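Counting from 1, position 306 in the sequence shown corresponds to residue 306 in the working numbering; the numbering is continuous, with no gaps.
Errors might be hidden in some of the hints.
[To be verified] Pair by pair, the computed Cβ-Cβ distance ranges are:
1) N108 with R142: 29 to 37 Å
2) T347 with H227: 52 to 60 Å
3) D251 with A83: 20 to 28 Å
4) S209 with D340: 22 to 30 Å
5) I9 with L112: 30 to 38 Å
6) L375 with L182: 22 to 30 Å
7) Y443 with L112: 21 to 29 Å
8) K389 with R123: 50 to 58 Å
9) D7 with L182: 14 to 22 Å
10) L210 with E342: 28 to 36 Å
11) E25 with D251: 18 to 26 Å
12) A83 with K149: 42 to 50 Å
[Unchecked claim] No more than 30 Å apart at the CA atoms, straight line, and that leaves these computed lysine-lysine pairs for DSS-like:
13) K257 with K145
14) K277 with K257
15) K321 with K277
16) K414 with K380
17) K219 with K239
18) K219 with K277
Worth flagging that the hints you see were computed from the coordinates, not collected in a lab. In this text the structure is predicted, and so the values were computed from the model without any measurement. The beta-carbon is built from N, C-alpha and C at its ideal position, and this holds for glycine as well.
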Amino acid sequence: MILIIDDDIAVRSSLTFLLKRADYETQAVSGPVEALNIVRQTAPQLILMDMNFTLTASGEEGLRLLKQVRIFQPDVPVILITAWGSISLAVLGMQNGAFDFVTKPWNNQQLLSSIHTAIELTRKEDEDAKPLNRTDVDKKFRFDKIIGKSEALLEILITVSRIAPTNASVLITGESGTGKELIAEAIHENSRRVGEAFVKVNLGGLSQSLFESEMFGHKKGSFTDAHADRTGRFEMADKGTIFLDEMGDLDLSCQVKLLRVLQDQTFEVLGDSRPRKVNVRVVSATNRDLRQMVASRTFREDLFYRINLITLHLPPLRERKEDLPLLASYFADKQAENNDMEKVTFTPEAMAYLKSLPYPGNIRELKNLVERTMLVSGKKILDASDFQKQNQPAAPSGKSLTALSGLTLDEVEKQTILQAVEKYSGNISRIASALGISRAALYRRLEKYNIDPLP
Numbered sequence: 001m002i003l004i005i006d007d008d009i010a011v012r013s014s015l016t017f018l019l020k021r022a023d024y025e026t027q028a029v030s031g032p033v034e035a036l037n038i039v040r041q042t043a044p045q046l047i048l049m050d051m052n053f054t055l056t057a058s059g060e061e062g063l064r065l066l067k068q069v070r071i072f073q074p075d076v077p078v079i080l081i082t083a084w085g086s087i088s089l090a091v092l093g094m095q096n097g098a099f100d101f102v103t104k105p106w107n108n109q110q111l112l113s114s115i116h117t118a119i120e121l122t123r124k125e126d127e128d129a130k131p132l133n134r135t136d137v138d139k140k141f142r143f144d145k146i147i148g149k150s151e152a153l154l155e156i157l158i159t160v161s162r163i164a165p166t167n168a169s170v171l172i173t174g175e176s177g178t179g180k181e182l183i184a185e186a187i188h189e190n191s192r193r194v195g196e197a198f199v200k201v202n203l204g205g206l207s208q209s210l211f212e213s214e215m216f217g218h219k220k221g222s223f224t225d226a227h228a229d230r231t232g233r234f235e236m237a238d239k240g241t242i243f244l245d246e247m248g249d250l251d252l253s254c255q256v257k258l259l260r261v262l263q264d265q266t267f268e269v270l271g272d273s274r275p276r277k278v279n280v281r282v283v284s285a286t287n288r289d290l291r292q293m294v295a296s297r298t299f300r301e302d303l304f305y306r307i308n309l310i311t312l313h314l315p316p317l318r319e320r321k322e323d324l325p326l327l328a329s330y331f332a333d334k335q336a337e338n339n340d341m342e343k344v345t346f347t348p349e350a351m352a353y354l355k356s357l358p359y360p361g362n363i364r365e366l367k368n369l370v371e372r373t374m375l376v377s378g379k380k381i382l383d384a385s386d387f388q389k390q391n392q393p394a395a396p397s398g399k400s401l402t403a404l405s406g407l408t409l410d411e412v413e414k415q416t417i418l419q420a421v422e423k424y425s426g427n428i429s430r431i432a433s434a435l436g437i438s439r440a441a442l443y444r445r446l447e448k449y450n451i452d453p454l455p
């Protein structure tokens, strides 16, 4: 049974009719007193709740009721109903444990999707309470691109297996090079949308002026350089999944535009005022601390709660060293296959050396190091010295390499970047490639450590 709480009889009637047509049982009440009488005695599948029950619009009544409901029924998902101009109230509700929020006037399809997702996630949590091992996970799900068997990785894969069949929005966090895109692909490949498009967008590479055209498309002649119609990324991803990478790099003005399409799954093509509907699942990723950005007002709080219904944090490679031998062997075998080379093996000393490195570039850095060492050495058995030669940038003018012992991880990272900047004379592409990170990630680190790459 779905419990509807709203003081407006028209809203209660409309929601009751909509949900009954979708084969849900409902019960509708007008205020907190009646609602608490119900939740004290029974657990609804889900609660749809307004934020205001009198002429005031502060939302205090709704927040108080939400807290009371969660005391009696902590596991029942609650979806808040609010006006677009009162989204800040919904954000407070999310902070206090609400599952999601919808705005009036709501989109029926979007509301039903949110309800279905909430109920399904709650059901799967009950069904999948027992932990699985990697072998059991691989029997049921498609995780063939993800290498490793550490406990940290297993927990992520178990969570992915639970949430993938739903339409829940997912935020993937973690340092650059930890495999966020692979996890996003795994979510799509294990979802009901697997036969549809998986569209990747690097938001860090989009300027403010190109955002609308790239994301929503444009009509020919809508601006000076619009020589032909362009299909936007959201339209490309219709019925599938859109992967929004580098979410933390999105400009504030673009965040507002993105929030609109995520809120009601509609957008307008530049040069065409007719709204278009789209059915997409949104998976986002960032290596930045969005909570801190919200606190510093550089990232919208309402957008933050819209994209992170489920959050997955990928640990850095230095925290899952037990996966390193599997990863190194996988990259070596792939390199041999792709370049028609003989397979190589690693001595115990080589593997011990690889495990000792800090990997500021994470898995991407390990991959580059293994591939580079194979190509340069030409040996069938790789020793620690082979990797050491490729992992130490030559110090020009006879300078010795900086001693890294006793330094913090940030200090090690800074010194590694400084050495690469000096070796490659400020060439951003070569520096990023040598470090095993993207250009966007390199620019962020240069800014973080106040490093000028120009010689």
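Do the hints match the structure? See the list:
Between N108 and R142 the Cβ separation comes to about 32 Å, which falls inside the hinted range of 29 to 37 Å. Separation of T347 from H227 is about 58 Å and conforms to the stated range, judged on CB atoms against 52 to 60 Å. Judged by the Cβ atoms, the range 20 to 28 Å given for D251 and A83 holds: they are separated by roughly 26 Å. The beta-carbon spacing between S209 and D340, approximately 45 Å, falls outside the hinted interval of 22 to 30 Å.
For I9 paired with L112, a C-beta distance near 21 Å fails the hint of 30 to 38 Å. Against the hinted window of 22 to 30 Å, the Cβ-Cβ separation of L375 and L182 comes to about 24 Å, which satisfies the hint. One distance hint, 21 to 29 Å for the beta-carbon pair Y443 and L112, is violated here, with the actual separation near 42 Å. Look at K389 against R123: about 55 Å separates their beta carbons, and that is inside 50 to 58 Å.
Between D7 and L182 the beta carbon distance is about 48 Å. The supplied range of 14 to 22 Å is therefore violated. Between L210 and E342, the C-beta spacing of about 46 Å breaks the proposed range 28 to 36 Å. Between E25 and D251 the Cβ separation comes to about 45 Å, which falls outside the hinted range of 18 to 26 Å. Checked against the hint of 42 to 50 Å, the C-beta distance between A83 and K149 comes to roughly 49 Å, which is consistent with it.
Of the supplied pair hints, the one linking K257 and K145 is violated, its CA atoms being roughly 33 Å apart against a limit of 30 Å. Using a Cα cut-off of 30 Å, the hinted pair K277 and K257 holds, with the two alpha carbons roughly 15 Å apart. Of the pairs offered as hints, the one joining K321 and K277 is violated, with about 45 Å between alpha carbons and a cut-off of 30 Å exceeded. This hinted pair does not check out: K414 and K380 have alpha carbons roughly 34 Å apart, beyond 30 Å.
At most 30 Å may separate the alpha-carbon atoms for a hinted pair to count; K219 and K239 meet this at roughly 22 Å. About 17 Å separates the Cα atoms of K219 and K277, which keeps this hinted pair within 30 Å; it holds.
When each numbered hint is compared with the structure, violations occur for hints 4, 5, 7, 9, 10, 11, 13, 15 and 16.
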